[in-house]
Structure formats: C-alpha cells, structure tokens
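Asker: Chains as they are written, first to last, in UniProt numbering: chain S, 1 to 339; chain D, 1 to 339.
Read the hints as simulated data drawn from the structure, not as lab findings.
No experiment lies behind these values; they were computed from the predicted model shown.
A couple of the hints might just be wrong.
For chains that are exact copies, the list does not tell them apart, and a pair is met inside one copy or across any two.
[As the list claims (entries may be wrong)] With a straight-line Cα cutoff of 25 angstroms, these simulated SDA-like cross-link-like pairs (lysine to any residue) come out:
(1) 300 x 105
(2) 240 x 129
(3) 186 x 245
(4) 91 x 116
(5) 26 x 170
(6) 23 x 89
(7) 91 x 16
(8) 86 x 15
(9) 200 x 170
(10) 133 x 156
(11) 91 x 156
(12) 8 x 117
(13) 38 x 321
(14) 208 x 62
(15) 177 x 194
(16) 86 x 230
(17) 38 x 230
(18) 207 x 146
(19) 91 x 118
(20) 214 x 146
There are 2 protein chains.
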Amino acid sequence: MKPKITLKDIARELEVSISTVSKALKNSEEISRDTKEKVQAFAKLYNYKPNNIAISLKNKRTKNIGVVIPAIVHHFFTTVIRGIEKYANAKGYNVIVCLSEESFDREVINMEMLANGSIDGFIMSLSSETQLKGDYNHLKEVTEQGIPLVLVDRVTNEVECDKVIIDDELGAYVATKKLIEQGRKKIALITTDDYLSVSKARTEGYKKALLESKMDIDESRILKLSTMEMDEQGIQDFFKNNDVDAVLCVNEIFTVYSMRLVQNKGLNIPEDISFIGFTDGLLSQYANPSLTVIAQHGEKMGEISAQMLIDKVESEDEEETFQTKILEPTLVVRESTIN
Amino acid sequence: MKPKITLKDIARELEVSISTVSKALKNSEEISRDTKEKVQAFAKLYNYKPNNIAISLKNKRTKNIGVVIPAIVHHFFTTVIRGIEKYANAKGYNVIVCLSEESFDREVINMEMLANGSIDGFIMSLSSETQLKGDYNHLKEVTEQGIPLVLVDRVTNEVECDKVIIDDELGAYVATKKLIEQGRKKIALITTDDYLSVSKARTEGYKKALLESKMDIDESRILKLSTMEMDEQGIQDFFKNNDVDAVLCVNEIFTVYSMRLVQNKGLNIPEDISFIGFTDGLLSQYANPSLTVIAQHGEKMGEISAQMLIDKVESEDEEETFQTKILEPTLVVRESTIN
C-alpha cells in the first residue's frame, strides 16, 4: 500500500496552513484561485483522500472511540472523559484521548490520525482556535463520510451531528440572580471573548439577570480574557481598576485566583465580596473559602455523549437524525457566597 | 484478514481474568496446569499473537506515541502529558493518551489496542493495581517484540526498559528535614500502601530524615491509604485520633483536604501546624494558605521520556541499552510552612 498523504503533509509541502489546504479542497471562496489550483493539483497527484477514507468503516468495528478535547488542565474536561470512559468501557469500548491544546492544527492532525480506521466514531469538544477561526471543514469531512460524531460542550451550529451541551445561559443567569438576591450591586463577570460558544452564552445569562432586575450593565465590569488559560496580569489589572462586590467567573481557576487577590487586599469573603465559579471541581471543593459554583455535570455529559455515539455506531438505521441534548446546570452553594 | 484475537477475548471466552491468560501464556507456575493447557490450546486454535505482533513496525513509522497513564485527576499526570506533547509535537509526532484508571485490565486492554500497529512506542506510568499485582507480562511482551517503552514515575525493576523517575526518597527527606528544622516534633505522613513504588520511596525518605535527627518513628503517625484516590473518612479519622504539629502528604489533594479539616478545628496554618505536599499544581498554588510543596517537575519528566522514546524509535542502532534518568525534586516554600 502506498503511503497515505494527509492535510498536514500537503500544508507542509506547499508551505501554507492546514486551514488553507482544508478550505482549498472545499473550493472555499476565501482562498485565492492560484492557491486552490495548486492545492487541488497536489492532492490529485498524490491521490489524497479526505481523512484517508476510513474504508468500509461500517463493516469493520474497532470498538474504539476517539475523543478530541481542548485541554485537561480544567477539571471539567477530565470529568467529561471520566463519564465517556465509564459508559464506553461498560459497553466494551476503549477510549482514545487526544488533546488539541486549544490549537486548530492539532485538532485537525489528531482527527486525521484517528479517522484512519482506528476508531468507530468521535466525541469532540472544539478548541478555542477552531471556534475563533470558525473553520469546521474537518468536522464536515468526517460526518459526510458517515463517521458518527458527537460534539460536547463546545459546539457549533455549522455542523450537523449529535450534540450534548449544558444550558450555559441559564447557569450564568441563576448565578447572577443569586448574587442580586443577596443585595450585591456591583457584580463583575470574568469570562473569555465571545467566540467561545460557552462564554457567549454565559455573558448573555449574566446580562439577562441584570436587566430583569433593572440593573445597569456596566461593560467595564465585564473582563473578557483571550482564552480559558490563566492570565494573572489581566485579572490583577481588572481588580486594580474596578470596585466590585460580587464576581462570577467562567471557570474555577479564574475564581480561586481572584479570591486570593482580594483576600490579599484584606477583603473578607463572602462578607465584603461574593464569588461564584463555573465547574464543581477539586479546586472549588477544597478552596478556602470553598466555592459556590454552577456545576456543569461533566461526567453526565460524557456518559450521554458516549451513549449517543455508541447508539449511532451500532445502529442499523440508514436514516440520519440528529439530537441536541441540553442539560440543566445546578447551583451548589458553599462558603464563597452568603447563605 | 481474519479478525485478531486479543487477551481480552480469550479471558472472556474462558471466563478467567486477563491476568490469568497472560500468565498462562507465559507458562507461569502460579497458574494450574489445567488452566494453562486450556488457555494455550485456545490461543493456538485462534492463532493468537501477543499484542497482535505489530508487524514490521520497524519499517512502518506511524509518528504516533501511545501514552498509558493511571489518571488525570492528579495534576502531576496532566503535566507529564503536557511535557510529552510539547516534545513530541515539536518532533512531528502525535500523542495518543489512554487512561488505565488505576486498573490492571484497562492497562492491558489499552496496550493491546495501541500495540496493534497504531503507534511507534509507549510511554507508561503503571496503574496502582498493576503494581499491587506485580504482574508485568504485558510490558515484557511489548519490549520483547522490540517496541520501545519508556516507564515514567511509577516504574518497576521487573521490566528492562528506559525509565524516568524523580528521586522520591530525596523529596520526602528534604520536606521532612524542613519540618524538623522548624522545630516540629510530631510529624505525620499521609501516604498510600507501599506497593505503589513512589509511596514506598517517600516513606523511606520520611523515616530517614527522622532517624537522622534522632527522632522516634511513630507508626501511628503514618497513614497509609489504599490508593491515591481521595479517602475523606480515612483522613478525618486520622486527625481525630492523632495530635500532630506537621504533615507531609504524598499528593496535593490529600494536603488541601487535610488543611481544611484542621482549619475547621480552629487551628492556624502554619502557626499551629505546618503542611507540605507533593506536586506543585493549581491546588497548591491557589490554596489558602498556599502550599509548600515538593515539585516533581512533571512537565520535564514528560519531555525527557518523549525524548528517550523518540531517540529509540529513530535509532538505527540494533544494540539495546537502557537508561534510568533520575530527576531531583525541588522544595517550593509558600505559606503552609513557617518561612
């Protein structure tokens, strides 16, 4: 068998990005005619097949599930993996995990590798760079070939497939309401830029709660960091320039770091300032004070996505129907808010 | 091609454990003659090949590295993975991660799956169950076939291969010394049973430091939990029954949980009681007070193990020599000890 050529190989050979190759093969208008012709000619010459066409995948079950997620530094994703493993292992499936590390290129490379006949289907959560680029051709490629795909948590409307999400808007709404009910007047939001689907929804929920209570939305109280990665300087500057009495953070790392900052300034939590975070992880449980959080039920999300995927893999049904399951988040009250 | 039969299939078919099949095929004395004959006959009948003999692996590079680790709930292992990815990606290799979830069976199943031609070599950290059983046949199988293997952190002397470890005895010794120098007299150790290689070494380091300072070793001050998983009740009982003025814990989760317990009893850290943990993760950095720790340099360990593996994969050298790299841990002093 001749060696297979991948998107990555073409990109390297022609000295363009993987995204460009992917778009050029799809005849995207974003790419110049010259580049498109070059890429397409090269692909033809080397007999490129999208995702190496996991040949006759339907007939040859591997009993492996490929999981591609952005990062494992966040407790949330580790619980999603745990849930996937729990359900999949019980059904006799193995789970292979690849990390995109929030990179579009790594996401594509990992998918190409796994789609090469190693797995029966994908469970994925999009990298932040993929959501920023808005380039989902590598996902469409997979679904068009009939490889089952379930998107979990970070999803897109651009790809038709099964999805499992949590109602992030509701989560932020409930959290903000809680802070308002406790008499907080200056409620901050520490989140990321809106290109991240979950952050956008959470910002909407936060604003909705404020508007409902006839409170002004003060944009200076909303800190939008560029990624979910820790940005100590960004958060320090925010607290230097803002006088707030409550903070909602989109992950637990931002929350515990912020709490340490205000504690070092001599403030008491929750007397002077309240905190609510997203994700009910170890940091939240063992922080001092322990964190009031919006629990995202990652393990449950993982289990459901594994179930949806395995159902698709084992289904004899030729007709394609897709579902989106929306879970409700739960407010878990601990010491970082007034009881 | 005929479907390949795996250890797991044989175990299921004959209703014995995977470990039994593995030992029977190795003609182990631990297994009854009857069982051995059955297993061997079955394996012959179905043409079983160990690890599906990753055929001509030497000639067909996949540029994939298989990583099998016990768990990702501990920050340490996530940093090891990060280090592996960093080095491997820079060298053009992809990383596939499988979790054993501390289970021997899952470790074997994952290895069988990956050894099936998907990867060029393994980086592994042993599951606690594997270390408890002391059954390393699945690793020997891999090395005997010439598939490069690097063991990292949780290793065994029973398998000849490259290894990357941290000097755990030294780490515990340095930490205990620090506590002694600060005038602590009743120093506790919260660890796991000795079958876990790292716990055994740390217990030795702790005892060595006490003996050197002519302090008695009081076994009642050593809590040996059954696994690295959280055991809240075990730790609660320990603090109920023991009056100590310093605690060394083998991971950061045990440490932050213990700190919360004594804080709730009204003790001040570090005035009344000091804490040192292993692993310099997010929990350690953002705990209140922040944790003095023995940093294990997980990222560095990951990078080195990836380098050792890729060197082996790409080496033309037929002669097999193995190295063990031992890193030195570092004491990072923060607020949970007196400065």
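Asker: Run every hint past the structure and note whether it holds.
Answerer: Against the structure, the hints:
no.: 1; hint: 300 x 105; result: between (29 angstroms within a copy, 24 angstroms between copies)
no.: 2; hint: 240 x 129; result: neither (29 angstroms within a copy, 50 angstroms between copies)
no.: 3; hint: 186 x 245; result: within (5 angstroms within a copy, 42 angstroms between copies)
no.: 4; hint: 91 x 116; result: both (23 angstroms within a copy, 21 angstroms between copies)
no.: 5; hint: 26 x 170; result: neither (37 angstroms within a copy, 57 angstroms between copies)
no.: 6; hint: 23 x 89; result: between (36 angstroms within a copy, 23 angstroms between copies)
no.: 7; hint: 91 x 16; result: between (42 angstroms within a copy, 19 angstroms between copies)
no.: 8; hint: 86 x 15; result: between (42 angstroms within a copy, 22 angstroms between copies)
no.: 9; hint: 200 x 170; result: within (12 angstroms within a copy, 48 angstroms between copies)
no.: 10; hint: 133 x 156; result: within (12 angstroms within a copy, 46 angstroms between copies)
no.: 11; hint: 91 x 156; result: neither (28 angstroms within a copy, 32 angstroms between copies)
no.: 12; hint: 8 x 117; result: both (18 angstroms within a copy, 21 angstroms between copies)
no.: 13; hint: 38 x 321; result: neither (37 angstroms within a copy, 47 angstroms between copies)
no.: 14; hint: 208 x 62; result: neither (46 angstroms within a copy, 51 angstroms between copies)
no.: 15; hint: 177 x 194; result: within (21 angstroms within a copy, 50 angstroms between copies)
no.: 16; hint: 86 x 230; result: between (30 angstroms within a copy, 18 angstroms between copies)
no.: 17; hint: 38 x 230; result: neither (41 angstroms within a copy, 57 angstroms between copies)
no.: 18; hint: 207 x 146; result: neither (40 angstroms within a copy, 60 angstroms between copies)
no.: 19; hint: 91 x 118; result: both (18 angstroms within a copy, 22 angstroms between copies)
no.: 20; hint: 214 x 146; result: neither (49 angstroms within a copy, 70 angstroms between copies)
Violated hints, listed in ascending order, are 2, 5, 11, 13, 14, 17, 18, 20; each of the other numbered hints is respected by the structure.
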